[in-house]
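Turn these sequences into a full structure, and let the hints steer you where they fit.
Residue numbers (my numbering), protein chains in the order written: chain A, 1 to 222; chain B, 1 to 311.
Keep in mind that the hints were calculated from the coordinates and are not lab data. A hint or two may mislead.
To be verified - Here are the simulated SDA-like cross-link-like pairs (lysine to any residue), alpha carbons at most 20 angstroms apart as the crow flies:
| # | chain 1 | residue 1 | chain 2 | residue 2 |
| --- | --- | --- | --- | --- |
| 1 | B | K253 | A | P192 |
| 2 | A | K154 | B | R261 |
| 3 | B | K194 | B | P44 |
| 4 | A | K123 | A | V87 |
| 5 | B | K253 | A | H204 |
| 6 | B | K253 | A | V159 |
| 7 | B | K253 | A | K154 |
| 8 | A | K154 | B | S70 |
| 9 | A | K154 | B | D158 |
| 10 | B | K252 | A | H191 |
| 11 | B | K198 | B | E73 |
| 12 | B | K143 | B | P44 |
| 13 | B | K252 | A | R193 |
| 14 | A | K123 | A | V159 |
| 15 | B | K252 | A | P189 |
| 16 | B | K253 | B | D230 |
| 17 | B | K253 | A | V87 |
| 18 | B | K198 | B | E236 |
| 19 | A | K154 | B | K252 |
| 20 | B | K151 | B | D193 |
| 21 | B | K198 | B | K252 |
| 22 | A | K154 | A | N203 |
| 23 | A | K123 | B | I278 |
| 24 | A | K154 | B | E236 |
| 25 | A | K154 | B | S226 |
| 26 | B | K269 | A | P157 |
| 27 | B | K269 | A | V87 |
| 28 | B | K253 | A | A213 |
| 29 | B | K253 | A | P189 |
| 30 | B | K143 | B | E73 |
| 31 | B | K194 | B | D158 |
| 32 | A | K154 | B | D268 |
| 33 | B | K151 | B | R261 |
The model shown is predicted, which means the values in this text are computed figures rather than measured ones.
These are the residues of each chain, in order.
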Amino acid sequence: MKHSHLVLAALPAVILLAVVRCGTVTAVAPLHRGESALAASLGGPVASVAGMNIPMPYAVARYRTGLTDRAGLYAGVHLLPAALGVVGVDFGFSYHFLEQRGGVPCVGASAGLAAFIQPRGEKAFFPQLDLVGSYRLGDRFTTYFGSQSMYQFKYAPTVVLAPFVGGEYRLSDRFALDLELKWYAMTEPTHPRNLNYKLPIGNHGAVGVVLGANWSFGGKHE
Amino acid sequence: MNSTRPGPKSEARSPKSRICAICVICGCLLSFSCFKLDSFLFDPTTVDEYLQMSSADSAAWHVRGIIPDSLVEPVTLTGLDSNRVYGFFVRQPAGVDVPATDEYTVIYNHGNGQNINRYWGRVELLWEAGCNVFIYDYEGYGKSEGSPSGKACYADADAALDSVLARPDVVGSMVVYYAWSLGSFMACHLAADKGSFKPRCLILENPMASTSALAQEGAVLGIPGSFVADADFDNESRMRFLGCRTLIIYGKKDDTAVPERNARVLLDKGYGWLPELIDYPIEGANHSDLPEVMGYGEYERVVRAFMADSL
Numbered sequence: 001m002k003h004s005h006l007v008l009a010a011l012p013a014v015i016l017l018a019v020v021r022c023g024t025v026t027a028v029a030p031l032h033r034g035e036s037a038l039a040a041s042l043g044g045p046v047a048s049v050a051g052m053n054i055p056m057p058y059a060v061a062r063y064r065t066g067l068t069d070r071a072g073l074y075a076g077v078h079l080l081p082a083a084l085g086v087v088g089v090d091f092g093f094s095y096h097f098l099e100q101r102g103g104v105p106c107v108g109a110s111a112g113l114a115a116f117i118q119p120r121g122e123k124a125f126f127p128q129l130d131l132v133g134s135y136r137l138g139d140r141f142t143t144y145f146g147s148q149s150m151y152q153f154k155y156a157p158t159v160v161l162a163p164f165v166g167g168e169y170r171l172s173d174r175f176a177l178d179l180e181l182k183w184y185a186m187t188e189p190t191h192p193r194n195l196n197y198k199l200p201i202g203n204h205g206a207v208g209v210v211l212g213a214n215w216s217f218g219g220k221h222e
Numbered sequence: 001m002n003s004t005r006p007g008p009k010s011e012a013r014s015p016k017s018r019i020c021a022i023c024v025i026c027g028c029l030l031s032f033s034c035f036k037l038d039s040f041l042f043d044p045t046t047v048d049e050y051l052q053m054s055s056a057d058s059a060a061w062h063v064r065g066i067i068p069d070s071l072v073e074p075v076t077l078t079g080l081d082s083n084r085v086y087g088f089f090v091r092q093p094a095g096v097d098v099p100a101t102d103e104y105t106v107i108y109n110h111g112n113g114q115n116i117n118r119y120w121g122r123v124e125l126l127w128e129a130g131c132n133v134f135i136y137d138y139e140g141y142g143k144s145e146g147s148p149s150g151k152a153c154y155a156d157a158d159a160a161l162d163s164v165l166a167r168p169d170v171v172g173s174m175v176v177y178y179a180w181s182l183g184s185f186m187a188c189h190l191a192a193d194k195g196s197f198k199p200r201c202l203i204l205e206n207p208m209a210s211t212s213a214l215a216q217e218g219a220v221l222g223i224p225g226s227f228v229a230d231a232d233f234d235n236e237s238r239m240r241f242l243g244c245r246t247l248i249i250y251g252k253k254d255d256t257a258v259p260e261r262n263a264r265v266l267l268d269k270g271y272g273w274l275p276e277l278i279d280y281p282i283e284g285a286n287h288s289d290l291p292e293v294m295g296y297g298e299y300e301r302v303v304r305a306f307m308a309d310s311l
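As structure tokens, this is what we get:
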């Protein structure tokens with residue numbers, strides 16, 4: 001059997017389910033109390049699909065709301081798993097414990113759970129934790145960095161890390177675009193594997209690109 | 001950061017309606033959600049006539065043309081939904097003197113690519129080792145009607161077993177299941193799910209563990225196989241129910257069914273449950289070149305010895 005004939009010509013689609021981590025970072029900066037935001041993102045690790053090296057088109061839509069000026073809740077839906085009959089959601093809590101002051105970045109964390117549920121079928125749950133630091137540079141641009149992680153307990157206990165750097169450009173006071181570079185699954189060997197990931201670093205993980213858009217509304221907005 | 005950015009104060013809007021809108025969108029997506037990846041598990045090619053390979057294909061597939069036509073019998077089976085499924089029974093020449101193995105009949109469950117032609121070189125090796133060999137094409141492969149699916153492949157394997165056991169020239173207690181790669185799902189199904197008949201032994205060459213293992217390998221985290229495929233391809237859960245001596249032979253360099261996530265997973269699942277379970281890694285072999293790396297003589301010796309319980 002030729003390698004190219006393998007089953008796993010199709011596994012690019014599988015990755016759409018649980019690539020680590022999917023979507024842009026959950027909360028770069030805190031929302032104000034009562035403020036809400038909708039975010040959409042598209043992208044993933046670069047892999048060979050039909051002969052082309054492209055970022056996996058993983059799509060996530062997220063809603064965030066500020067409970068206080070530091071704390072918030074988020075909930076997201078993962079759109080592509082729906083094409084496989086799987087409900088993919090994530091939800092959690094975010095808290096920003098440092099504000100930007102001089103060289104000290106704004107620092108926050110998000111903790112939550114990603115759940116993939118097949119109606120009348122199996123389920124998979126992955127706790128997730130994000131750490132993010134950010135610097136506001138001028139009126140419109142924010143750069144950020146950090147690491148996302150997902151945890152698996154059901155099979156072999158696994159922690160999958162995805163460090164990232166990104167930039168957010170504010171087109172208006174309510175609307176911003178994000179571009180994020182992420183090193184997916186940095187501790188996992190890239191080859192041998194039945195999915196042909198491109199852009200590994202030292203045969204570990206795969207670098208990917210995620211585009212995002214954020215629209216905030218409501219609440220106090222200075 | 002939101003805490004420092006400028007901008008006018010906006011009216012608060014109820015997020016409820018937006019959440020509802022998101023739910024509606026997801027509902028719409030789910031309503032179209034019948035897409036599964038099963039079709040990608042199979043890579044068949046069709047033929048008008050079997051065993052009419054070009055010289056290039058014969059060379060690529062290591063077909064030597066050593067089996068006389070008189071020993072090759074075409075067989076037609078009935079698969080799922082009454083589809084016709086094609087196979088060949090290759091028998092030993094009468095009077096051949098191959099002690100201890102001359103009555104063995106191997107049911108050969110081939111891999112996911114091409115059709116019987118591609119595996120004819122493997123049939124020759126087993127025949128050369130002194131076995132009768134029955135090979136069949138899954139539905140949608142070669143001349144077999146229908147299209148491949150988990151259910152269809154299992155039905156085809158069932159029909160193959162029934163056909164072999166119904167032959168007067170086959171000794172039931174000497175039937176051996178052999179599988180390469182994807183065929184391991186069919187061989188393990190026969191061994192584990194057909195409780196009324198147990199083979200003499202089972203040989204799995206570069207087997208696959210499960211669709212879950214395939215999904216996990218691609219996605220890194222544990223994704224149930226049922227998320228991506230309807231086929232009940234789960235050798236991991238069947239290992240303890242095989243009920244027969246089993247040899248797992250695999251290339252240590254297999255980059256298709258990577259041993260750590262397939263062969264060795266099956267070994268771990270089977271230890272302690274089977275009468276005998278042999279781990280037989282081959283240094284330097286990949287997914288498709290195991291007999292070539294071992295050398296045909298050594299490959300045939302190992303297979304023959306395992307069948308004779310003297311490995």
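Okay, the hints, checked on the actual structure:
no., hint, result
1, K253(B) with P192(A), "9 angstroms, holds"
2, K154(A) with R261(B), "16 angstroms, holds"
3, K194(B) with P44(B), "26 angstroms, violated"
4, K123(A) with V87(A), "9 angstroms, holds"
5, K253(B) with H204(A), "18 angstroms, holds"
6, K253(B) with V159(A), "26 angstroms, violated"
7, K253(B) with K154(A), "28 angstroms, violated"
8, K154(A) with S70(B), "55 angstroms, violated"
9, K154(A) with D158(B), "34 angstroms, violated"
10, K252(B) with H191(A), "14 angstroms, holds"
11, K198(B) with E73(B), "25 angstroms, violated"
12, K143(B) with P44(B), "10 angstroms, holds"
13, K252(B) with R193(A), "14 angstroms, holds"
14, K123(A) with V159(A), "19 angstroms, holds"
15, K252(B) with P189(A), "17 angstroms, holds"
16, K253(B) with D230(B), "29 angstroms, violated"
17, K253(B) with V87(A), "37 angstroms, violated"
18, K198(B) with E236(B), "19 angstroms, holds"
19, K154(A) with K252(B), "27 angstroms, violated"
20, K151(B) with D193(B), "13 angstroms, holds"
21, K198(B) with K252(B), "29 angstroms, violated"
22, K154(A) with N203(A), "26 angstroms, violated"
23, K123(A) with I278(B), "34 angstroms, violated"
24, K154(A) with E236(B), "15 angstroms, holds"
25, K154(A) with S226(B), "16 angstroms, holds"
26, K269(B) with P157(A), "18 angstroms, holds"
27, K269(B) with V87(A), "30 angstroms, violated"
28, K253(B) with A213(A), "44 angstroms, violated"
29, K253(B) with P189(A), "15 angstroms, holds"
30, K143(B) with E73(B), "15 angstroms, holds"
31, K194(B) with D158(B), "8 angstroms, holds"
32, K154(A) with D268(B), "17 angstroms, holds"
33, K151(B) with R261(B), "24 angstroms, violated"
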